Amino acid sequence: MNINLTMIGQAIAFFIFVVFCMKYVWPPIMAALQERQKKIADGLAASDRAARDLELAQEKSAEELREAKQQAAALIEQANKRAAQIVEASKDDARKEGQKLIEQAKAEIEQERNQARDALRAEIAAIAVAGAEKILETSVDASKHNEMLEKLAAEL
Amino acid sequence: MAGSASEYIQHHLQNLTYGKLPAGYERADGSVVEEATWTLARTGQEASDMGFWALHIDSLGWAVGLGVLFLFLFRMAAKRATSDQPGGLQNFVEVMVEFVDNSVKETFHGKNKVIAPLALTIFCWIFLMNLMDLVPVDFLPQLFHLMGLEYMKVVPTTDVNVTLGMSLSVFALIIYYSLKVKGVGGFLGELTLHPFSSDNLFLKILLVPVNFLLEGVSLIAKPISLALRLFGNLYAGELIFILIALLPLWAQWTLSVPWAIFHILVITLQAFIFMMLTIVYLSMAHEDSH
Chain A
1 MNINLTMIGQ AIAFFIFVVF CMKYVWPPIM AALQERQKKI ADGLAASDRA
51 ARDLELAQEK SAEELREAKQ QAAALIEQAN KRAAQIVEAS KDDARKEGQK
101 LIEQAKAEIE QERNQARDAL RAEIAAIAVA GAEKILETSV DASKHNEMLE
151 KLAAEL
Chain B
1 MAGSASEYIQ HHLQNLTYGK LPAGYERADG SVVEEATWTL ARTGQEASDM
51 GFWALHIDSL GWAVGLGVLF LFLFRMAAKR ATSDQPGGLQ NFVEVMVEFV
101 DNSVKETFHG KNKVIAPLAL TIFCWIFLMN LMDLVPVDFL PQLFHLMGLE
151 YMKVVPTTDV NVTLGMSLSV FALIIYYSLK VKGVGGFLGE LTLHPFSSDN
201 LFLKILLVPV NFLLEGVSLI AKPISLALRL FGNLYAGELI FILIALLPLW
251 AQWTLSVPWA IFHILVITLQ AFIFMMLTIV YLSMAHEDSH
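Protein sequence lines correspond, in order, to chains A and B.
Going by our numbering, the residue at position 45 of the first sequence is 45; the numbering climbs one at a time, nothing skipped.
Going by our numbering, the residue at position 65 of the second sequence is 65; the numbering climbs one at a time, nothing skipped.
Since the hints were derived computationally from the structure, they do not count as laboratory data.
Take the hints with a grain of salt, since some may be wrong.
Heads up, simulated DSSO-like pairs for lysine-lysine below, C-alpha to C-alpha not over 30 angstroms straight-line [claimed, not checked]:
{"id": "1", "chain 1": "B", "residue 1": "Lys-111", "chain 2": "B", "residue 2": "Lys-79"}
{"id": "2", "chain 1": "A", "residue 1": "Lys-38", "chain 2": "B", "residue 2": "Lys-111"}
{"id": "3", "chain 1": "A", "residue 1": "Lys-96", "chain 2": "A", "residue 2": "Lys-106"}
{"id": "4", "chain 1": "B", "residue 1": "Lys-105", "chain 2": "A", "residue 2": "Lys-23"}
{"id": "5", "chain 1": "B", "residue 1": "Lys-20", "chain 2": "B", "residue 2": "Lys-79"}
{"id": "6", "chain 1": "B", "residue 1": "Lys-204", "chain 2": "A", "residue 2": "Lys-23"}
{"id": "7", "chain 1": "B", "residue 1": "Lys-182", "chain 2": "B", "residue 2": "Lys-222"}
{"id": "8", "chain 1": "A", "residue 1": "Lys-38", "chain 2": "B", "residue 2": "Lys-180"}
{"id": "9", "chain 1": "A", "residue 1": "Lys-39", "chain 2": "B", "residue 2": "Lys-182"}
{"id": "10", "chain 1": "B", "residue 1": "Lys-180", "chain 2": "B", "residue 2": "Lys-113"}
Covered stretches of chain A (chain B as the covering partner; in silico rule of three or more C-beta atoms under 8 angstroms from a C-beta of chain B) [said to hold, decoys possible]:
{"id": "11", "stretch": "10-20"}
{"id": "12", "stretch": "29-35"}
Being a predicted model, the structure only gives us computed values, none of them experimental.
C-beta atoms are modelled at their ideal positions from N, C-alpha and C, and glycine is treated no differently.
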């Protein structure tokens with residue numbers, strides 16, 4: 001068991017190896033490890049964020065769906081109301097038109113009747129005069145009795 | 001298996017040594033070295049006679065080779081490191097890095113760029129060096145014997161020079177950071193004013209040598225215990241493998257398999273302990289308040 005130069009040689013080799021390890025081995029491996037750690041942490045954070053975003057988006061879509069439903073309901077209601085209004089209005093129009101037609105018809109009828117009555121009146125007066133002429137033959141003065149006869153005819 | 005059992009064991013525990021023989025040294029074969037020469041030791045005696053000026057080529061070679069293997073693998077993973085899906089190698093490397101990083105963070109709370117890579121290097125390198133213990137004891141030495149090299153010890157951590165080289169480097173770091181964080185005064189104060197202190201100035205001065213002795217011993221004990229713990233465990237493990245290898249061939253597996261399985265735990269544990277203690281010592285060096 002001789003203590004000799006080997007000890008010094010070993011110490012020198014040891015020193016060189018440690019320096020090499022410190023300069024060229026340790027830092028790249030440590031850097032890779034730390035970078036991976038960071039990547040994993042970032043990935044986890046990103047997935048958290050994505051989950052939160054998804055939740056938000058779901059909430060938002062539900063909200064929008066609800067709004068759309070409300071809007072649709074409102075539109076339908078409006079349309080219904082409008083339709084009812086239109087129906088009501090057209091009913092009204094029809095009723096008015098009908099009334100007008102009826103009134104027109106009535107007026108026409110009245111007019112016709114008056115005409116007929118007038119004609120009848122004139123004819124009856126003539127017939128009455130003719131009848132009275134025949135009955136009385138001479139005694140009747142047409143112009144004298146015409147007034148009376150007209151009064152009579154008006155009473156018809 | 002040439003020679004007796006003790007020769008076999010000693011042969012296995014002898015490093016391949018390249019060193020300086022003094023002038024006039026008589027070599028094993030009887031020839032005399034004229035001048036001081038650098039040469040490979042042919043026997044254990046020659047190796048120990050080389051004294052301090054000798055290198056264990058096998059220990060250093062395997063240690064450096066395994067260290068380069070470790071850095072090559074990790075550098076390859078580091079170059080291709082992506083933050084996307086990691087491949088198999090990157091996965092493995094990341095597991096190691098995270099394991100070491102967590103160990104460091106649990107123990108050391110200051111800011112220091114050196115400690116974590118240092119701990120990673122210590123753990124992986126020592127683990128690989130210890131792992132050589134699981135290679136059957138005769139494989140590689142026989143292979144190198146065929147190549148003409150007499151001695152070959154393939155487990156660098158069974159060489160006390162290797163473990164001491166590392167633990168003394170750690171010790172140097174302990175001293176460096178102690179001085180850097182606490183300053184010279186703070187460090188000396190830590191060595192001399194604790195654990196016994198007094199409000200009385202005279203008593204305080206009287207206690208300085210006692211404290212210095214205690215703290216000095218505990219400071220020196222750190223690198224020694226660090227080195228000898230690793231060395232002792234692996235040396236003993238290797239020795240037992242060698243002893244098992246002395247058994248008849250048919251009986252070897254009954255012992256070597258359980259011991260190898262147990263040793264998987266030991267080599268990992270020893271690498272971990274060396275790393276952990278390094279972190280603990282360095283974090284102690286960073287603590288200002290005593």
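Now for the hints, and whether the structure bears them out:
For the proposed pair B:Lys-111 and B:Lys-79, the alpha carbon gap of about 25 angstroms is at most 30 angstroms, so the pair holds. A hinted pair counts as satisfied when its Cα atoms are at most 30 angstroms apart, and A:Lys-38 with B:Lys-111 qualifies at roughly 22 angstroms. At most 30 angstroms may separate the alpha-carbon atoms for a hinted pair to count; A:Lys-96 and A:Lys-106 meet this at roughly 15 angstroms. Our distance criterion of 30 angstroms between C-alpha atoms is met by B:Lys-105 and A:Lys-23, whose separation comes to about 19 angstroms.
Annotation: proposed proximity of B:Lys-20 to B:Lys-79 is violated, straight-line Cα distance about 42 angstroms (limit 30 angstroms). Distance restraint check for B:Lys-204 and A:Lys-23: the Cα-Cα separation of roughly 46 angstroms exceeds the 30 angstroms cut-off, and the hinted pair is therefore not satisfied. Pair hint B:Lys-182 plus B:Lys-222 holds up; C-alpha atoms about 19 angstroms apart against a cutoff of 30 angstroms. The hinted pair formed by A:Lys-38 and B:Lys-180 fails the criterion: a straight-line CA distance of about 34 angstroms is larger than 30 angstroms.
Restraint check for A:Lys-39 and B:Lys-182: the C-alpha separation of about 40 angstroms exceeds 30 angstroms, so the hint is violated. Annotation: proposed proximity of B:Lys-180 to B:Lys-113 holds, straight-line Cα distance about 15 angstroms (limit 30 angstroms). With 8 residues bearing a CB less than 8 angstroms from a CB of chain B, the stretch 10-20 of chain A meets the requirement of three and the coverage assertion stands. Remark: the stretch 29-35 of chain A is confirmed as covered by chain B, as 6 of its residues place a Cβ nearer than 8 angstroms to a Cβ of that chain, reaching the required three.
This entry does not satisfy hints 5, 6, 8 and 9, going by the numbered hints stated previously.
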